[in-house]
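One letter stands for each residue in the lines below.
2 protein chains.
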Amino acid sequence: MTDDTDVPSPAVATDGGTSPSDEGADGWDATPLGSYRALRASLRTGRPAAVATVTNVQGSAYRRPGAKLVVAGDGNSTGAVTAGCLEDAVADLARAAVDDGKARVERFDLTADAGGEVWGMGLGCNGVIDLLVEPVDESLAPAVDELDAKRTVVVATAVGSDSSEIAVGDRTTLTTDGDRVARDRPGLPDAVLDAIADDVAALRESGASATVTVETDAGTVEVFVDTLTPAPELLVFGRQRDVPPVARLGREAGFRVRVVTGRGGSADADRFPAAHEVLPTRSPDLASLVDAPATTYAVVMSHNFVDDRLALESLLDTPIPYIGLMGPRKRFAEMREAFAEEGSPLGDADLSRVSTPVGLDLGGDHPTQIALSVVSEVLAVHNGRTGGRLAHHGGPVHRRATPPGSHD
Amino acid sequence: MTDDTDVPSPAVATDGGTSPSDEGADGWDATPLGSYRALRASLRTGRPAAVATVTNVQGSAYRRPGAKLVVAGDGNSTGAVTAGCLEDAVADLARAAVDDGKARVERFDLTADAGGEVWGMGLGCNGVIDLLVEPVDESLAPAVDELDAKRTVVVATAVGSDSSEIAVGDRTTLTTDGDRVARDRPGLPDAVLDAIADDVAALRESGASATVTVETDAGTVEVFVDTLTPAPELLVFGRQRDVPPVARLGREAGFRVRVVTGRGGSADADRFPAAHEVLPTRSPDLASLVDAPATTYAVVMSHNFVDDRLALESLLDTPIPYIGLMGPRKRFAEMREAFAEEGSPLGDADLSRVSTPVGLDLGGDHPTQIALSVVSEVLAVHNGRTGGRLAHHGGPVHRRATPPGSHD
Chain X
1 MTDDTDVPSP AVATDGGTSP SDEGADGWDA TPLGSYRALR ASLRTGRPAA VATVTNVQGS
61 AYRRPGAKLV VAGDGNSTGA VTAGCLEDAV ADLARAAVDD GKARVERFDL TADAGGEVWG
121 MGLGCNGVID LLVEPVDESL APAVDELDAK RTVVVATAVG SDSSEIAVGD RTTLTTDGDR
181 VARDRPGLPD AVLDAIADDV AALRESGASA TVTVETDAGT VEVFVDTLTP APELLVFGRQ
241 RDVPPVARLG REAGFRVRVV TGRGGSADAD RFPAAHEVLP TRSPDLASLV DAPATTYAVV
301 MSHNFVDDRL ALESLLDTPI PYIGLMGPRK RFAEMREAFA EEGSPLGDAD LSRVSTPVGL
361 DLGGDHPTQI ALSVVSEVLA VHNGRTGGRL AHHGGPVHRR ATPPGSHD
Chain A
1 MTDDTDVPSP AVATDGGTSP SDEGADGWDA TPLGSYRALR ASLRTGRPAA VATVTNVQGS
61 AYRRPGAKLV VAGDGNSTGA VTAGCLEDAV ADLARAAVDD GKARVERFDL TADAGGEVWG
121 MGLGCNGVID LLVEPVDESL APAVDELDAK RTVVVATAVG SDSSEIAVGD RTTLTTDGDR
181 VARDRPGLPD AVLDAIADDV AALRESGASA TVTVETDAGT VEVFVDTLTP APELLVFGRQ
241 RDVPPVARLG REAGFRVRVV TGRGGSADAD RFPAAHEVLP TRSPDLASLV DAPATTYAVV
301 MSHNFVDDRL ALESLLDTPI PYIGLMGPRK RFAEMREAFA EEGSPLGDAD LSRVSTPVGL
361 DLGGDHPTQI ALSVVSEVLA VHNGRTGGRL AHHGGPVHRR ATPPGSHD
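Residue numbers (UniProt numbering), protein chains in the order written: chain X, 1 to 408; chain A, 1 to 408.
Bound conformation, chain X alone (with noise of 0.2 angstroms):
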């Protein structure tokens, strides 16, 4: 999906900046930006694609339920299923997919009990993967609509079924309004969306995705429901040459990342070309660009003591929940007697969310690894983690989704 002439381009920003690079990172190592890029490119231009979902894993297996392999007509593909075990069976899959316009699941049983050597080609993959394969169609519109105004969005789509009303494929998109949207392909029944309510609820509050059985009626549904998230917003105040290296690591961890450049007049999108966004927009005017507080993250690093005041006066007057500030606690200490004098003080609110020094604790100093630093904490801190090495940690490496449940 690199051939996007024919997308309309991002809306120019407003506020005199520009959109230098579309969303999302190309390639296998897509995060879900990438993804939704494709599917959306797919559905405005008509051109064929289809998406390969992760429905379920048991055993090891390198992605999660909802993790989306997009491929496109030419063949190019955006994201991954696996650690590059299956490329090529869900190739022709998606291949079949596009021809004959039909959802399809597959499961993939990598173990070595079940010859994982000859689907893994020697590569050691193992667990046992179920795909749902499809054509992109119109189905899928109202999930990208949601998306785009950035709003989390639930799709629930049949992935099993001994029923003779329901197909495998049949999908109903559940918006964040409680709107229940079929298009395209038939819905699922009401009374299969009720059965599940509770696990959607569940699953859209932990952002996950999982199966689901269902007993009705007229027999057993699998159905598989599929929780999609508007990416994270990093929003990094400063204009100097250590801005580059945390927008190009943020846009690659998955953010959707805008420079605010704080200089008013026009931006500099050009020296920020991983930005999705450039803006000139200045500090006391930060939290005008607040549209998603919940998932918006931002970094204070104009250098200039006073512009980082005023960005952090202002950020604060958002629900925002992080606000990193760049340099030593000195500086700091010293903004918050600004702030006092000014008779504002910052209250423990505003102090747990201003975490300075910013970043995680990596020794570097040089730009890159304070990027890198920056980056990673910002990650952590969506994930609800505090960094800190994971062999030191007693949990999982994932978040367990909540466990789906069997309705009777």
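Calculated directly from the structure, the hints in this document are not laboratory data.
Predicted model, so just to flag it, every value in this text is computed and none were measured.
Be a bit skeptical, because a hint or two may be false.
Unchecked claim - Restraint-style ranges between C-beta atoms, simulated for each label pair:
hint, chain 1, residue 1, chain 2, residue 2, range
1, A, 266, X, 288, 49 to 59 angstroms
2, X, 106, A, 344, 33 to 43 angstroms
3, X, 334, A, 321, 35 to 45 angstroms
4, A, 288, X, 46, 49 to 59 angstroms
5, A, 321, X, 288, 40 to 50 angstroms
6, A, 333, X, 265, 56 to 66 angstroms
7, A, 288, X, 88, 26 to 36 angstroms
8, A, 319, X, 198, 49 to 59 angstroms
9, A, 215, X, 306, 37 to 47 angstroms
No residue lacks a Cβ here, since even glycine has one placed at the ideal position from N, Cα and C.
Take the given structure of chain X and dock chain A to it, following the hints.
Structure of chain A alone, referenced to chain X:
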């Protein structure tokens, strides 16, 4: 320093491997690998260049002593000495140094009281920064040779003198073997080198650089003691599609990256463009690749149980400080059982070096997020850190260098 056509290519790796790319990133966010490469390129080609080195800082400064900016004759620069405040001034000094062949020292006072807004161009730079700006000449060749041999080296350079016998730029290179080498420029007198020997030892040990003041019979001399350390090595064992992001971020973080595919035969260099070297070495022979064990970090991620176990076994035969093992705890538990069944159970000393699950606890599961977690952990371990949030710690952001003494 982007035109390297005349520079000899890095030697093709033995063992069927190739060197798909030259070392280090270019540009402002270059790590030391990039700066060293720029120095080496100028020395080998004879193309004029200058190098600016931070020798001292007071107050808030973005880079520490030892940070380098190499300016090629065509104006291209590699590295950074500030967050972007002094480029124009440094470019002028670099041109002058190339023209007259002389080293010079310049103090930039970026504090507001000293008119920092003039130097800082309103960008909020501050602190006082001393720079040594000099032509790249043969006086630097012994240090580059030591780095090429993966040895730490100390370069002692006069940066201030009221002695008529010692001029700014006089230089002696101090090798790990204890040699004192002067080339192309007058060396420092033995009396001066003897007087700073303890400082040199401490700075070499901590990997830091600092200016030391020495009182001699002929007057006061300021010596910049610059510790240059070879880039740490990141050895990635694996060949699947999750390897390239680890190689790419590892390189960006300043590591010399070798990808080992473990397949024998020839290496797939094209698949890992960010690696400095791609080798097909098989898992039982990994130890043979470790030639700088104190600063070699391994990540074992072939996804193949047997290959990973053999890789681990081989790497544990070396004294490298860190072996990250991809995969869940349960898999490593099974691996430990396999070691025990073989009659060679892993001891505490082994276990303390095996980091599994690999990476910092960032919570992401996308390929680049996993790579970010892995490379962040390697960087933290290299710097003796644990990767938690700086805001939750009490210490300073930078490692403190051993405070230089004043010798009377």
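For each hint, the structure was consulted:
{"no.": "1", "hint": "A:266 to X:288: 49 to 59 angstroms", "verdict": "holds (57 angstroms)"}
{"no.": "2", "hint": "X:106 to A:344: 33 to 43 angstroms", "verdict": "holds (42 angstroms)"}
{"no.": "3", "hint": "X:334 to A:321: 35 to 45 angstroms", "verdict": "holds (39 angstroms)"}
{"no.": "4", "hint": "A:288 to X:46: 49 to 59 angstroms", "verdict": "holds (55 angstroms)"}
{"no.": "5", "hint": "A:321 to X:288: 40 to 50 angstroms", "verdict": "holds (49 angstroms)"}
{"no.": "6", "hint": "A:333 to X:265: 56 to 66 angstroms", "verdict": "holds (60 angstroms)"}
{"no.": "7", "hint": "A:288 to X:88: 26 to 36 angstroms", "verdict": "holds (34 angstroms)"}
{"no.": "8", "hint": "A:319 to X:198: 49 to 59 angstroms", "verdict": "holds (55 angstroms)"}
{"no.": "9", "hint": "A:215 to X:306: 37 to 47 angstroms", "verdict": "holds (43 angstroms)"}
Going down the numbered hints, you'll see the structure goes against none, and every one checks out.
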